[in-house]
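*Asks:* Residue numbers (UniProt numbering), protein chains in the order written: chain A, 1 to 314; chain B, 1 to 279.
Among the clues, some could well be false.
Over the 10 Å line for every Cβ pair with chain B, so calculated as not near, a few chain A residues [stated by the list, open to error]: (1) F14; (2) R73; (3) L85; (4) A166; (5) M172; (6) D223.
Within a straight-line C-alpha distance of at most 25 Å, the following computed BS3-like cross-link-like pairs (lysine-lysine) qualify [what the hints assert, rightly or not]: (7) B:K265 with A:K151; (8) A:K307 with B:K90; (9) B:K46 with B:K229; (10) A:K303 with A:K201; (11) A:K21 with B:K182; (12) B:K265 with A:K201; (13) B:K90 with A:K303; (14) B:K90 with A:K21; (15) A:K307 with A:K201.
Think of the hints as simulated: they come from the structure by calculation, not from any bench. Beta carbons: idealized from backbone N, C-alpha and C, even for Gly.
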Amino acid sequence: MEAAHRSPGFRRWFNRRGWIKITIATPYVWLSLFFLLPFVIVIAMSFATRTPTAPPFSFGGDYPVMNTNHYARLIHDDLYVRAYLNSIGNATLATLMCLLIGYPMALGLTRVSRSWRNVLLMLVILPFWTSFLLRVYAWMGLMGTNSWFNKLLTGAYNWVMPADMALRYIPMMNTGFAVVLVTVYSYLPFMILPLYANLEKLDLSLNEAAMDLGSRPFQVFRDVTLPLSLPGIIAGSLLVFIPASGELIIPSLVGSSSRPMIGRVISDEFASARDWPMASAVAVALLLLLVGPLMAYTYFEGKSLEKKKAEGES
Amino acid sequence: MNRRPVFLITMLCFGFAFFYIPILSMMVYSFNGSRLATVWGGFSTKWYVSLLSNRQVLKAAILSIEIAVLSATFATILGTMAGIAMARFKRFRGRTLFSGLVTAPLVMPEVITGIASLMLFILMAEYIGWPATRGFTTVTLAHITFSMVFVTTIVHSRLVQADEAIEEAAMDLGSRPWQVMKDITLPVISPAIMSGWLLAFTISLDDVVITNFTTGPGTTTLPILIWSKVKLGVTPDINALATITVVIVGIGVFIAGWLLNRAEKAREHDIQLAYQANQ
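Using the sequences plus the hints, can you model the full thing?
*Replies:* In structure tokens:
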């Protein structure tokens with residue numbers, strides 16, 4: 001290697017074209033080997049047959065080309081269908097909630113003074129840098145049956161409701177509600193940041209023009225700000241929806257085992273049941289479901305970068 | 001827009017309360033004297049003492065930091081290369097696939113990446129014999145792979161916004177492309193590379209799901225240790241651990257933000273001086 005570095009031939013090659021080739025090829029080979037290849041393996045594995053050997057699968061045997069039984073089970077077994085519906089339902093609900101809370105927050109961030117804005121943005125990003133697991137854990141403490149938060153909510157509930165419907169505590173842990181709440185909490189920064197990046201660039205003189213032409217503030221929002229912020233809405237929603245639909249930590253910690261979620265099903269099939277082909281089939285099915293959103297994300301991401309580039313050049 | 005946006009300010013207050021009340025509550029309860037994690041039993045720092053004298057926790061924390069430093073360094077090198085390739089080399093064979101490969105891991109559900117990587121490592125051990133067992137090596141390889149694309153995103157967007165005219169000027173003055181890269185482009189994107197490293201470091205330090213799949217017996221990182229404890233319920237020493245984490249991260253983010261801000265201001269100042277000198 002040392003000799004190669006010193007040899008003038010290598011030097012010349014490196015200075016001319018070589019460094020470009022190395023810059024492209026190194027990450028390309030790495031990602032192909034450690035990201036693309038594993039997915040090819042998962043797809044192949046979903047057509048294999050489970051065997052009691054180690055590693056626990058084989059090809060061929062009773063199923064000469066491919067074993068499609070796992071995909072048939074996906075449709076016929078109630079567990080998988082329910083897990084899919086739960087996951088998609090939870091992810092959709094969480095995305096909508098993030099949008100409802102995150103949009104006004106992002107818009108608010110663009111309307112406060114500059115010095116405040118930097119502090120508040122830092123406060124949005126800070127939870128993102130702290131441990132995801134610990135943020136989920138924080139809610140476990142809050143939702144428990146004798147925590148101050150639960151007592152506060154129970155008190156409020158009992159005060160509003162008639163006496164014969166009084167509760168000793170509100171059951172929050174291990175419910176679908178808990179999963180959605182904690183998902184919203186964990187993924188809210190992913191909604192706020194792209195929305196803010198988008199809203200910040202909007203030209204406020206458009207709003208003023210609309211006001212001058214007689215629009216009321218809400219009309220200005222509906223007719224000017226909202227349509228212009230659509231790219232931010234799409235990016236934020238995808239950044240919340242896609243990871244939320246395959247979430248494993250949140251349903252495992254605060255979810256109910258009677259409401260299966262797809263991430264947990266994949267993990268259980270793999271680790272507890274040691275059924276690699278079935279786990280792979282579930283993963284492939286989840287991927288197929290997410291292919292649309294994933295491609296949409298890649299597409300919009302590329303487009304926004306092109307736009308940034310155009311702005312940089314002008 | 002002369003009117004104060006009352007609704008928006010209210011939502012901001014509500015949102016930040018939502019963000020920080022759970023964290024603050026956890027921090028307060030880390031000083032709880034009671035064994036019951038959610039019932040207040042007077043002020044005490046005993047959970048901190050028991051945490052800091054817990055060898056298992058310290059060992060896991062050191063292992064996590066080792067993996068995070070190593071994987072962040074490799075991820076930064078690979079991620080920066082990919083970012084440069086995406087931003088500066090307009091046409092090369094397989095560019096479409098490449099751009100897919102650097103964006104997909106950003107949003108891929110971790111469970112899928114986790115089992116996919118695990119199967120790869122098991123098959124590699126079976127057929128190539130390396131890495132022979134799952135543990136430090138496999139976890140680090142997996143962390144490099146999924147954190148490098150975050151570095152790519154940061155470097156790419158910095159390069160796209162950077163003024164290419166400076167690079168073109170250097171070319172016109174006779175620099176070779178490699179010299180331009182070394183002397184101009186890399187220094188220009190160095191703040192982005194630094195924040196990329198920091199992001200890769202924290203992502204690695206924080207990861208549970210992918211580590212859970214790719215690790216083996218004996219390699220317990222801090223998040224895996226917390227994960228196995230937290231699955232059993234709320235415990236006061238985890239509150240203490242969380243508080244320490246939040247404080248360290250808070251200070252770290254504050255210092256990093258201040259340093260980057262200062263570097264940015266110094267750079268702007270230099271550019272202004274250069275302009276004035278030219279006029």
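*Asks:* Work down the list of hints and note, for each, if the structure agrees.
*Replies:* Taking the hints in turn, this is what the structure says about them:
1. Against chain B, the non-interface label of F14 (chain A) is violated: not every CB pair exceeds 10 Å, the least being about 7 Å.
2. Residue placement check: R73 (chain A) keeps its beta carbon more than 10 Å from all beta carbons of chain B (closest about 18 Å).
3. The claim that L85 (chain A) is not at the interface with chain B holds, since no C-beta of that chain comes within 10 Å of its own (minimum 17 Å).
4. Annotated as non-interface, A166 (chain A) keeps its C-beta farther than 10 Å from every C-beta of chain B; the closest such distance is 21 Å.
5. Distance to chain B confirms M172 (chain A) as a non-interface residue, since its nearest Cβ pair spans about 12 Å, more than 10 Å.
6. The Cβ of D223 (chain A) lies farther than 10 Å from every Cβ of chain B, with a closest approach of about 15 Å, so its non-interface assignment holds.
7. For a cut-off of 25 Å, the pair hint linking K265 (chain B) to K151 (chain A) is broken: about 49 Å separates their Cα positions.
8. Restraint check: the Cα-Cα separation between K307 (chain A) and K90 (chain B) comes to about 15 Å, which is no more than 25 Å; the hinted pair holds.
9. With a C-alpha separation of about 18 Å, the suggested pair K46 (chain B) and K229 (chain B) falls inside the 25 Å cut-off, and the hint holds.
10. A distance of roughly 16 Å separates the Cα atoms of K303 (chain A) and K201 (chain A); the hinted pair therefore holds under the 25 Å criterion.
11. For the proposed pair K21 (chain A) and K182 (chain B), the alpha carbon gap of about 16 Å is at most 25 Å, so the pair holds.
12. Distance check on the hinted pair: K265 (chain B) and K201 (chain A) sit about 21 Å apart at the alpha-carbon level, within 25 Å; holds.
13. In summary, the hint linking K90 (chain B) to K303 (chain A) is supported, as the alpha carbons are separated by about 15 Å, within the 25 Å threshold.
14. Only pairs whose Cα atoms come within 25 Å are accepted, and K90 (chain B) paired with K21 (chain A) is accepted, the gap being roughly 13 Å.
15. Of the supplied pair hints, the one linking K307 (chain A) and K201 (chain A) holds, its CA atoms being roughly 12 Å apart against a limit of 25 Å.
Checked against the numbered hints listed earlier, the structure breaks hints 1, 7; every other hint is satisfied.
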